[in-house]
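Residues in the sequence shown are numbered consecutively from 1, following this note's numbering.
Among the hints, erroneous ones may be present.
Capping the alpha-carbon separation at 20 Å, the derived lysine to aspartate or glutamate pairs in DMTMM-like fashion look like this [claimed, not checked]:
| # | residue 1 | residue 2 |
| --- | --- | --- |
| 1 | K154 | D187 |
| 2 | K160 | D150 |
| 3 | K115 | E104 |
| 4 | K110 | E91 |
| 5 | K86 | E97 |
| 6 | K114 | E124 |
| 7 | K107 | E97 |
| 8 | K63 | E52 |
| 9 | K170 | D157 |
| 10 | K30 | D44 |
| 11 | K133 | E144 |
| 12 | K107 | D118 |
Label-pair distances were calculated between CB atoms; the ranges are [to be verified]:
| # | residue 1 | residue 2 | range |
| --- | --- | --- | --- |
| 13 | D33 | R53 | 25 to 35 Å |
| 14 | F43 | E81 | 34 to 44 Å |
| 15 | K133 | K110 | 31 to 41 Å |
| 16 | L180 | E129 | 33 to 43 Å |
| 17 | L101 | K63 | 48 to 58 Å |
The hints are simulated quantities; they were obtained by calculation from the structure and are not laboratory data.
Glycine is no exception: its CB is placed at the ideal position from the N, C-alpha and C atoms.
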Amino acid sequence: MVKKTRASSGTTQNTESTAPDTGDLDNVDKIRDILFGNQMRDFDRKFSQLEERISNDLGNLRKENSLQIESLQTFIESEIEILASKISTEEQTRIDEMDELDSELKKNVKQIDKKIADIGKSLENQSREINQKMLKQSQDFNTEMNNQLDQTRKRMDNYKQELSTGKVDKSILAEMFNSLALQINADD
Numbered sequence: 001m002v003k004k005t006r007a008s009s010g011t012t013q014n015t016e017s018t019a020p021d022t023g024d025l026d027n028v029d030k031i032r033d034i035l036f037g038n039q040m041r042d043f044d045r046k047f048s049q050l051e052e053r054i055s056n057d058l059g060n061l062r063k064e065n066s067l068q069i070e071s072l073q074t075f076i077e078s079e080i081e082i083l084a085s086k087i088s089t090e091e092q093t094r095i096d097e098m099d100e101l102d103s104e105l106k107k108n109v110k111q112i113d114k115k116i117a118d119i120g121k122s123l124e125n126q127s128r129e130i131n132q133k134m135l136k137q138s139q140d141f142n143t144e145m146n147n148q149l150d151q152t153r154k155r156m157d158n159y160k161q162e163l164s165t166g167k168v169d170k171s172i173l174a175e176m177f178n179s180l181a182l183q184i185n186a187d188d
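Kindly generate the complete structure, drawing on both the sequences and the hints.
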């Protein structure tokens, strides 16, 4: 119980009694229990059920979220592994294709180099053969020309001797020039 006392300064102070009246409190509790007891117990029971249901629902939601997160994480990890595998496979395929193209290119370059070398040798051989043929033909032509010149000189010398030994007959001279002209035409 609270009693009001006056202090020496003239103000009112509230002081609690040091010995509470337990009988009055028990009576108030009994009256409260009689008036509101059933409702209070019913509210307590409903609150307990509601709290338990909320706790269960939260636990279920946590489990469900945890399972969904784990499932999503597993799915993402598997997709990452699949993508990494695909990327690795694609990379290896590209590397193999590049190696194959590189080796084929090197092979083609070697073939082209060999063909160029063969063509160069062939042209060199043909050029040498042509030069040798031209040299031989030139030598043969020079030899033939020298022979014909020698024959022509001999004839001219013979004709000169014949002319100088006797009077030149016009018909012999005409025949000589005619034969010389025929010989020159035949050489050309």
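Okay, the hints, checked on the actual structure:
{"no.": "1", "hint": "K154 x D187", "verdict": "holds, 17 Å"}
{"no.": "2", "hint": "K160 x D150", "verdict": "holds, 15 Å"}
{"no.": "3", "hint": "K115 x E104", "verdict": "holds, 16 Å"}
{"no.": "4", "hint": "K110 x E91", "verdict": "violated, 28 Å"}
{"no.": "5", "hint": "K86 x E97", "verdict": "holds, 16 Å"}
{"no.": "6", "hint": "K114 x E124", "verdict": "holds, 15 Å"}
{"no.": "7", "hint": "K107 x E97", "verdict": "holds, 15 Å"}
{"no.": "8", "hint": "K63 x E52", "verdict": "holds, 16 Å"}
{"no.": "9", "hint": "K170 x D157", "verdict": "holds, 18 Å"}
{"no.": "10", "hint": "K30 x D44", "verdict": "holds, 18 Å"}
{"no.": "11", "hint": "K133 x E144", "verdict": "holds, 16 Å"}
{"no.": "12", "hint": "K107 x D118", "verdict": "holds, 16 Å"}
{"no.": "13", "hint": "D33 x R53: 25 to 35 Å", "verdict": "holds, 27 Å"}
{"no.": "14", "hint": "F43 x E81: 34 to 44 Å", "verdict": "violated, 55 Å"}
{"no.": "15", "hint": "K133 x K110: 31 to 41 Å", "verdict": "holds, 34 Å"}
{"no.": "16", "hint": "L180 x E129: 33 to 43 Å", "verdict": "holds, 38 Å"}
{"no.": "17", "hint": "L101 x K63: 48 to 58 Å", "verdict": "holds, 56 Å"}
Hint check: violations occur at hints 4, 14; the rest are consistent with the structure.
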